[in-house]
Structures are given as structure tokens and as C-alpha cells.
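Just need the whole structure built from these sequences, with the hints factored in.
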Amino acid sequence: MIYAELALSDVQINCFSPRKRQIPSCPASTTQSAGQRCFSVTPTLCKRLFRQILLATCGMMGLIFHTQEMPMPALLYKADPARAERWRVLFAEHAPDIEWRVWPDIGDPADIHYLGAWLAPDDLQELLPNLKVLFALSAGVDQLDLSRIPKSLPVVRLLDPGISHGMCEYASFAVLSLHREMLRYRQQQVEGLWKAQPLIPANKRRVGVMGLGLQAQHILSSLKPFGFQLSGWARSAHQVEGVTCYAGEDQLSEFLGQCDILLCVLPLTAQTEGILNRQLFERLP
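Per our numbering, the very first residue in the sequence shown carries number -6; after that it's consecutive.
Source of the hints: derived by calculation from the structure; they are not laboratory data.
Be a bit skeptical, because a hint or two may be false.
Stated by the list, open to error - Distance windows between CB atoms, simulated:
| no. | residue 1 | residue 2 | range |
| --- | --- | --- | --- |
| 1 | 140 | 250 | 50 to 60 Å |
| 2 | 73 | 143 | 42 to 52 Å |
| 3 | 195 | 75 | 34 to 44 Å |
Claimed, not checked - Here are the computed lysine-lysine pairs in the DSSO-like style, where the Cα-Cα straight-line distance is at most 30 Å:
| no. | residue 1 | residue 2 |
| --- | --- | --- |
| 4 | 144 | 217 |
| 5 | 217 | 197 |
| 6 | 144 | 125 |
| 7 | 71 | 144 |
Everything numeric in this text was worked out from a predicted model, so none of it was measured.
Beta carbons are placed, not taken as given, at the ideal position from N, Cα and C, and that holds for glycine.
Take a look at the structure:
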């Protein structure tokens, strides 16, 4: 599976392959875990946004991109109808050699090489036999039933930096609200009471983040200026500057035991579903 994160000025692409291999034509990359290579390219996306990601994705997977000698491939859009026109205008400007189609008017299914969707059709393989890439128009792929998607079909996650920044804002708001006892003050306001709460310096407050992926690291970076004691936990070992990192089930209890405030930024998978349960919360101080 491939995950691609789009920004207005940068694009970072994490390429996941069943077997560890160097991808031709890619810049030098760093192995993050078995079978994973991460690298960055920085096109001027305000000029070549969609064409660049299609070219990059197809190139990584060894797919043949459209040339003048080949029939024009089509991209099928299956998401929010209100946004379809904005996408159409961008494609017409930046990727004119890709035909634009909107669900359910798919035309000849054989022409469709790319699908941009929030939810994929149930009969994906039968409906679109020549599909080469599925672009999940979301920050994650939780809404997709991956068991119904062919394993050979690359799935690309698109993440606008605005989404990432918004997540950092939500996380900072939640942490600061708890740190400054705003929930308690809000309840006192409703009850018409005033009782000052003890002030704890930020450098005495321990904030832990479950998950150490790209979004979690962005959140940790946004919390650093406040001076909190920061820690993070993930299933595999990580090193993050200024963050005490824990890994695996063996270190989960140690991680939880030193968290005053806990954030969960783990992706929803079969392994993480239900991880926030009574047994976990009982291990908090």
C-alpha cells in the first residue's frame, strides 16, 4: 500500500511494499521499518498538483502513464458532489490529458485507470477492471473495507497540510484545556461558583502520545513550545527529538504510568481497535 501526503508546497510519499526494495528513479530514502521506504519530493504543487502525484504514484508502482500514443485514461471521482466542480477545474488546468468523470456517470469502465473516492464501490474489481490506483480522498483509510479491495491495487491516502494543522490545533486545545483545568472551570461557571484550581507548571506536566507516526510527531512538535514533558509510544521503536519514546507491549505500562495527559493518535486498525479500554485507563496514574 502507498500513502501519499499532499501539501501546497511539498509532497511526502511513504511507499509500502511487501518486500524491501529500492525504487528506481526515487531519491535516496531511509528505511523506517521492514518493507517500508520513505522519501520526499518537492514539486510546485500550486502549478502541477494532481499530475505530479499521479506521475509519482504510477512511477513508483511501475505503471505506464498516459502518452499521446495511448488512449486517454480517465479518473472517476466518487466523493462529495459539492466539491466535484472544484476538482474538475483543477484537473482541466493541471492534468488535461486525464479525462474527468463523476460518479455515477462512469461512461466506459475500461477507460477508468484512477478512482478518487471516500468510499469505494463494493464491486470494485468487477466494475473497474483496468483500475490502477485508488486515491482515498481522506487523511486515513479507516472508512475503506480493505478486505474487498484487491491486494494488487495501490491505495493512496491524500493528506492536505490543513488537515494536519487542524489536528495539531485540536490536540493543543485539548491538552491546554486539561492542563489549565478549563473543564473544571467551565462546570463551576455553569454552577455559578468560583474556586481557584492549583497551577501546575508545564514542565511538571507529563503528556503522552500513543502513536509516533507523521501526524503524531506533528502534534508533539506543536506541544514542545509549551514546555511539557513529552513522551510517545508505538508498536515499533522510534526516535523523536525531545520526546521520550517507548515501544511494544512490554513498555506500554511504563509509558502509561508516567502520563498525566494521554492523547491517542494511533490509526484505527484491527490491531488498535478497542485499545482504549478499562485495562489501559487503569494503568494511568
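TODO: Against the structure, test the hints numbered earlier, and report the numbers of the ones violated in rising order.
DONE: 1, 2, 4
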